[in-house]
Structures are given as C-alpha cells and as structure tokens.
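Using the sequences and the hints, build the whole thing.
So the chains spell out like this:
Protein chains: 2
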Amino acid sequence: MIDRPFDIPSPPDPMPSRDPGASALLTDLYQLTMLQTYFEQGMTGTAVFELFFRRLPPRQRNFFVAAGLGQVLEFLEELRFQPDELQWLASTGRFTAACIDRLAGLRFTGDVWAMAEGTVFFANQPIIRVEAPLPEAQLVETRLMNILHFQSMIATKAARAVLHAPGKLLVDFGLRRAHAAEAGLYAARATYLAGMAGSATVLAGQRYGVPIFGTMAHSFIQAHDSETRAFENFARSHPDNITLLIDTYDTEAAARKIVRLAPQLAQDGIKIGAVRIDSGDLAEHAREVRRIFDEAGLPHIKIFASGGIDEFALRDLLQAKQAPIDGFGIGSGMDASYDVPTLDCAYKLQEYGGRPRRKRSEGKATWPGRKQVFRHYDGSGRMAGDVLALQSEHAAGEPLLRPVMRNGQRLGDVETLEQARGRCRADLMRLPPELAALEPSPTPYPVTVSDALKALAEACDREHASASGD
Amino acid sequence: MIDRPFDIPSPPDPMPSRDPGASALLTDLYQLTMLQTYFEQGMTGTAVFELFFRRLPPRQRNFFVAAGLGQVLEFLEELRFQPDELQWLASTGRFTAACIDRLAGLRFTGDVWAMAEGTVFFANQPIIRVEAPLPEAQLVETRLMNILHFQSMIATKAARAVLHAPGKLLVDFGLRRAHAAEAGLYAARATYLAGMAGSATVLAGQRYGVPIFGTMAHSFIQAHDSETRAFENFARSHPDNITLLIDTYDTEAAARKIVRLAPQLAQDGIKIGAVRIDSGDLAEHAREVRRIFDEAGLPHIKIFASGGIDEFALRDLLQAKQAPIDGFGIGSGMDASYDVPTLDCAYKLQEYGGRPRRKRSEGKATWPGRKQVFRHYDGSGRMAGDVLALQSEHAAGEPLLRPVMRNGQRLGDVETLEQARGRCRADLMRLPPELAALEPSPTPYPVTVSDALKALAEACDREHASASGD
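So the protein sequences, as listed, match chains A and B.
Quick note on numbering: the numbering used here labels position 132 of the first sequence as 132, and the sequence is numbered without any gaps.
To convert a position in the second sequence, counted from 1, into the numbering used here, add 1000.
Check each hint, because a few of them may be wrong.
[Stated by the list, open to error] Simulated pairs of lysine to any residue, SDA-like, Cα-Cα distance not exceeding 25 Å: (1) 1271/B to 40/A; (2) 1168/B to 1419/B; (3) 454/A to 1249/B; (4) 271/A to 1377/B; (5) 1168/B to 1412/B; (6) 1271/B to 41/A; (7) 1454/B to 226/A; (8) 1454/B to 1438/B; (9) 271/A to 1039/B; (10) 321/A to 226/A; (11) 1271/B to 91/A; (12) 1454/B to 249/A; (13) 454/A to 1280/B; (14) 454/A to 356/A; (15) 1454/B to 1440/B; (16) 454/A to 1250/B.
[Claimed, not checked] Which chain B residues face chain A? A few, computed with CB under 8 Å, are given here: (17) 1021; (18) 1183; (19) 1213; (20) 1214; (21) 1216; (22) 1223; (23) 1237; (24) 1349; (25) 1409.
Note that these hints are calculated values from the structure, not bench results.
A virtual CB, placed ideally from N, CA and C, is assigned to each residue, including glycine.
Here's what the structure looks like:
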C-alpha cells in the first residue's frame, strides 16, 4: 500500500547463533534507503549528530545516569555488513548494485565524544556526539539509541534504589521478565554499574565480570518430599554458600525447621548463611523469622527478600517498617523499568558540511551545533549547576563530554565496569539532596544555555527563514 | 555478605559476536546451583513444568496472545554448554568437577506440549508444558520465560492495535527504544504475528521474513540545504517506493512543495506514494495535507503518521477524529508495551517422580498436575468458554495444547510465521466483542476448573498436611 513488502524468502534463514546486536542489519530500513541517496548525491561530508534525552519523566525521575558507552564503542569498532547480509539486501530489490558495493566497504571511521559511563546528566544534554561522514553517522543511529536508551534508563532506576537502601545487598533478579536476552544481560550490567551488588544472570558474570548471586527456586523444595530434606541436601551440596528459600509452604514453620537442622549441619562444619522470603507481608515475615533465629542463637543467618521490590518498596520496608531485611532481589520492577519503560531520547543532526543544522518540528526543536556540558560544584563538592554551551566556547566548569574515539579507533584504555561503577558512586554522592529523593525535586537542577548557543539557534532560524522559498 | 561474589576476571572476555540468547549461561545462577544438588542426589526423574500467566492486568487487557514458541523450540534443540562456558563456570569455584562434567553432557531430551503461536489465551492456562528429567526441565526455566513472556506481551498489545485500526497499514517503528537488540527483533516478529503489516527493523526481514518498511529521517531533510531538493533526491533514488517526511519545518508548506514537485517527477514517470507526518496535531495536519493533495489532483498520495501512537491513539484518530490517515508507524508505545511492560508469569513444577506437586505460597498457589485447556465455541463460531482440566480427562471441546517436541526433537514441520499469523487473525475474529474492546470487559471470559483438577489440588494439600511434620 504505502511501501512495498519484499517477497518473503521461504524458508527464512534462521542463523540462530549470530548475535543480533552485532548485525549491521539491526537498524531501521530508512537508514539504508537514505544511504543510497547520500551515496548517489556524494553527500559524504562530515555530519555531527548528538544523542540526548528530551525531558526527565515528570514527577518520576530527578536525574539520569549514563550507561552503555562500552557496548556502543564495541559496536562502532566492529561495524560491517557480512556477505550473507549484503546478498540478502540485494535480493530485496530495493537497492542499487552501487549502493550494495558501498555498504560492503562501509566501516565506522569517525570521531566520538561522550560522557563517561556512570555520569549523572539531565534533559537536553548530549551524552554522545558522533562526527563522521554522513552515511556512517546516519547508519548507526538506531543501534546507538537502542543501547544507550535502555542501559541509561536502567542505570537511572537502579541508582534510585541504591540511594534508598544504604548498606543493603541489592541483587538483580530480572532476567526472566526482562525484554528478551540482551535486555536481561544489559540490565545486569547497568544495575551493577549504578551500584547494585550483582545479578543472578550468569552470562553477565562471564561477559562483564558482574558478581553473580543465586539461591534456590520453589521447584527445588517441591521436588523433594520433605522441605527439611531439601534444605539439608542443598546445604551439604553448597557448604560455603547457603541461602534457603523458606516460603514454599509456611514461612515461619520453615524457619523453625532450619533451627532444628542447624545443629546437625554445624557438627559437620556447615553454616547456613541466609534465608529468602518471596511472598506475603515481607516485613512481617522478616520480623518473625528474625525473632525465631535470634531466639535460637542463630543471629548470623541473614534475611533476603524478593517479590515486588522497587525503590519505593525498599524505602517503605527499610524506613517506614524498619524490616530486619539484609538484602533484596529485584526483578521485573527493575529490568523493565516498569514505571518508566521508555524515555524520550533523540539522535539529531546538529551540523553538516560545516553548517549548523536545527530541527524545528512542533514541540521537537533542537539546539544546533557541537555542544559541551560544563558542570559546576559548590564548596562542599555538590553539583551546583550545568551550562549547555558550544564545544568551542571552552567555558568555565568541568566539561562532561570527552573524546573517546578518533578515526574509528578507541582512544586510551578500555574503561572497566568497576571504574564506571566508581564514577557513578561518586556522582550520586555529589547529587543535591532534593534530587536524590524519590519524590519530584521542588526545584529542578539548574541547567542554563549559553548566550553563544542561543545566538547560533537564532541565526539558524533566520537563515532557514530566508531560504524557505526553497 | 549473603552470597560470595567470585573473583572478577580481569579483563572479562568480551566475545562480542556470540548470541547471548543462545548461551546456556543466559540463566539464573540458582538453576545451576540446584542442578548440582539434583545430580548429587540422583534427582533426575521426569519433572513436569508448566508456564502460565497468573492474571490479566486488571482493566488493561482482556486476553493474551501466545507468541515465541518458535524461538523456544530452537533454544531447546540447540541447548548445550560451550567449552569456554564450562571452563568459566569451573573458574568461579562454585561447582564440583562432577557437576561441570554433567553440564558438559547436558542436552534437552524431553517432551514439550504447547499452544500454537497466535492462540488467544487467558489467566492460569498453561501455554507450554515441559516434561523432562528434572535438571533439564529446571535449567531452561529462565530462558523460556524470557522468550515467551516478552513475545506474548507484545503480540497481545499489537493485537489490540490491529483490532482497532481495520484496513490500516500498521508498521513497527520501535527498535530504537525497544529494550536492547533482541527485544527489537522479537517485537518486529510478535507484532507481525499479531497482524501488523511489518516492521522497520531490517534484521527481522532477514531472519523471520517480516515485511520491512522505511521512509526517511529528519536528518535527511536537514542535511540538504533545500527541503524540495531533499524530496527530489530521494524520489529519484527510490522511484518505486517513495514516502516523504514532511514535518521537519512546516508540514503544510512541505505538502505544497510536493504539489509543485510532483509534475516534474511525473514527466520522468516517478510517482510519489506517500508522505509521513511525525509531530503536532496529527489529525489536523492530516486533514490539511489531504485537502492540499486532493485539490492539486494528487488523491493517490497516502498519508502515514507516527509519533506517540498506541491502540488508544489509533482509535481516537480513526474513530473520534475521522483523520484521513492511511497508515501508522508505532514505536515505543508498542515495543516496550509501555502501559503493561511486564506480566506476572510463572513456570512451575506440577509433577515430579509421578506425583503431582503444588506450590502453596501466599497468593501464589498453583494448580497441580499435567493440564489441558479445552475450548468451546458458540453456534456462530465465537469463543464461548474454556475448561482448565487434567490432560488425562479428555474432556469435550478443542484441546489447545498439542505435542510439539518429543525426546528433544521437534514433531512435524517447523510452523511458518505466516501460519501463526493466520491463526492469530482467525482467533481474534472469534473473540467475543466485549473482549475485543479496549475497555475492560464487563464480564470476564468464562474459564472453569474441572472437578477432577479441583479434587487433585485438594488431595495434594491433604497429603502435604499429613507429611508436614517432615
């Protein structure tokens, strides 16, 4: 009707073991159709794109945390079309042979400036700037947003939880209800970056060095004919690392079974580390279980809780209810960022062929040119305000965007996840207290726009108006 | 504190091109710790697990659509631990050598029953049943949920949009704000399965045969010094397939530029197919643009709209506002299922060693045994009610779960996505009208539990009570 579907290949090639995230075809079709025109028109001058988030979700977030740059740089370094992908594109009949040839040789050769992972940022601040020949900078839009939008959204939500559960062990349990494979993997990375203790997702341990945690499922208890026997079998199988799930049938009854079991295990040098409660009134059960263990002389057994946990539940359990809970498993409330499952982010052309560009669509106008964010701190080291300015201004304050890639090659060492995590911890400690609160900050964080940037935006508008006859 | 983080390998192995979704390590750590105990205790009898959704999101969904079985069967067929994964597991110090050996030989050898993709289903109905040696059936829990939860959630949301935009071209535009790579890819598949026309995601075309659609971005217009020139360059580059984006500066002015450009292109046999509007009051702009084209003798130019579209916006634009829009691009409102970004689903042990099992945690009790869903239709072919019964009952009605895998091998031909899409279309047409509405159905769809299943649940409780002294 509007667009012509290609003939469906029969059967489609499954290629099950290739990473979809590494494919150059993981992009929007329009990127490729635009590239064909750019190639034909010789439009390969340097384009400058910036990625930013248009607004903080009103009443739901007071700040953002940048995450995902590591995966973006990997993607850019490895970007290329594979032979089977080029053949398939050709088979759709949508592209000229010349275009396919150009795609075959395409690599990312540009420069990248970015905020380091773990940096706190705000609306309309670029977190990455790509300066590259127009076709390259255009093509990568979709995947860059796909990575940075998700990881930053999750790191932001995790930071809120971390701020409101000081001293508690927070573990990502969300893989099963994350939005498919890579979301689960990236959520483990982003929540750890933001300060959580680790994840249940084993692959995040292998790929990113995220500490991994695990207990047992209800099915383990159910598969045994006796709950006590299930506890004992697990304990003897994992003597160094025992967390027992106690809510399959009756939480307090299970705790008393552990009280009876503990001395027998102790004779063999085995100590139960913790129990997990996954249902019911978590505060009430935790208090009862704590009392049972303390009265039995087992004060060392920690209590871990899961089920319906988010930053508000954490605050409620720990502050309002003073629940004696030592750690939390956080699942779908975190990995799908259920209260804010998407953010309004954009990757926009700010300059092409040496001229600043500005999108002026209703409600979606952007600031033109190559920009920088300069951050100021007060005497106690707290963030005091940012200035959104032109890169060329070299204004006062700490510049948050730094060069990370030149001519398609990474600059300096690959930053470790631990380094990013440390930066995030430092930035969260420098947040003004009203921004660290879960409630909306009564005053937004001060971000001003420099006079030079305002003047450039006006000049863009004037120039466009004078040329609008086309 | 509760659990011992392993030593972080330095640097972690990046392995960028391996598909995380195909890795046996894309699982929760507790699956592996439980397996070690199962191996040690010889607990390798046949376990029966069922996956179901606990409840329809109140007021937000009247039915579910099953999706993702194709990827589940692929995963089960290919499940194995790679040598580097086994080495890494060993290096964590968490597993015995005997356990690692067993994992090395582990394959999925079980039977699977499932609802076909595209089937409409309701709360507490199993959509898949896994019957396999306990370690195998346990291990696959995380990835099965990770696939089926997401794809079914997206297919469900897409079905609502399809039902409320009859005759309109609905295209998935959501990759950039989907939750990372696989979510974007699976969303393209699930929305097409549910009846949308296709996706902008190119990889979904190559991998799944989903029809792909694409227009142009604002950056394409901005990179040109003249909007008219941008339109003309694109048109000449893609003469068979032209959709022009007209809201970069002034939507109606852009439509008039197209009116002036069209005759020149027509001289070369080039016809503009459609325009896209992505901002502002979509109904108002569409009406104005329609009028401009109709008055200029260009009634064949279709109008495509995007930006903030979901099933409610569709209904509002098409019914309340009677907007002359022919097709829609649907992005983050669909791919992240923003109003219901997670569903409460579970994969529960229902039988082990020939004995039915029942989880009885507060608020989370399950129906035991191997179950089947029998569906009844009224005289006009509409769904009239389901019975949740034991598989062994062979009750009246259409059984919705069918065997799809035996001894780890798929039964019959691989179903095509087109077949699943056809089934979904048929099922949506058989929905009672009050369930097809966007509003909550005044009466829920009738699902009754058979007497035999109720009796079995009571027997499980009695047996457990008599054994509760452990």
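These are the hints, each one checked on the structure:
1. 1271/B to 40/A: 20 Å, holds
2. 1168/B to 1419/B: Holds. Residue 1168/B to residue 1419/B sits at ~21 Å (cutoff 25 Å).
3. 454/A to 1249/B: Given that 25 Å is the threshold and the Cα spacing comes to 19 Å, the pair holds.
4. 271/A to 1377/B: With a Cα-Cα distance of about 58 Å, the restraint between residue 271/A and residue 1377/B is violated, given a limit of 25 Å.
5. 1168/B to 1412/B: Given pair residue 1168/B, residue 1412/B is violated - Cα atoms ~35 Å apart, limit 25 Å.
6. 1271/B to 41/A: Holds, at roughly 20 Å.
7. 1454/B to 226/A: 23 Å, holds
8. 1454/B to 1438/B: 33 Å, violated
9. 271/A to 1039/B: 22 Å, holds
10. 321/A to 226/A: This hinted pair is violated, its Cα atoms lying about 33 Å apart.
11. 1271/B to 91/A: Satisfied, since the Cα-Cα distance of roughly 23 Å is no more than 25 Å.
12. 1454/B to 249/A: Holds, at roughly 19 Å.
13. 454/A to 1280/B: Roughly 24 Å separates the two Cα atoms, so the pair holds.
14. 454/A to 356/A: 13 Å, holds
15. 1454/B to 1440/B: Status violated; Cα separation ~28 Å.
16. 454/A to 1250/B: 21 Å, holds
17. 1021: This interface hint holds because 3 Å falls under the 8 Å limit.
18. 1183: 4 Å, holds
19. 1213: 4 Å, holds
20. 1214: 3 Å, holds
21. 1216: This interface hint holds because 5 Å falls under the 8 Å limit.
22. 1223: Holds. Min distance 5 Å.
23. 1237: With Cβ-Cβ at 4 Å, under 8 Å, it holds.
24. 1349: 4 Å, holds
25. 1409: 16 Å, violated
The structure fails to meet hints 4, 5, 8, 10, 15, 25 from the earlier list, while all remaining hints are met.
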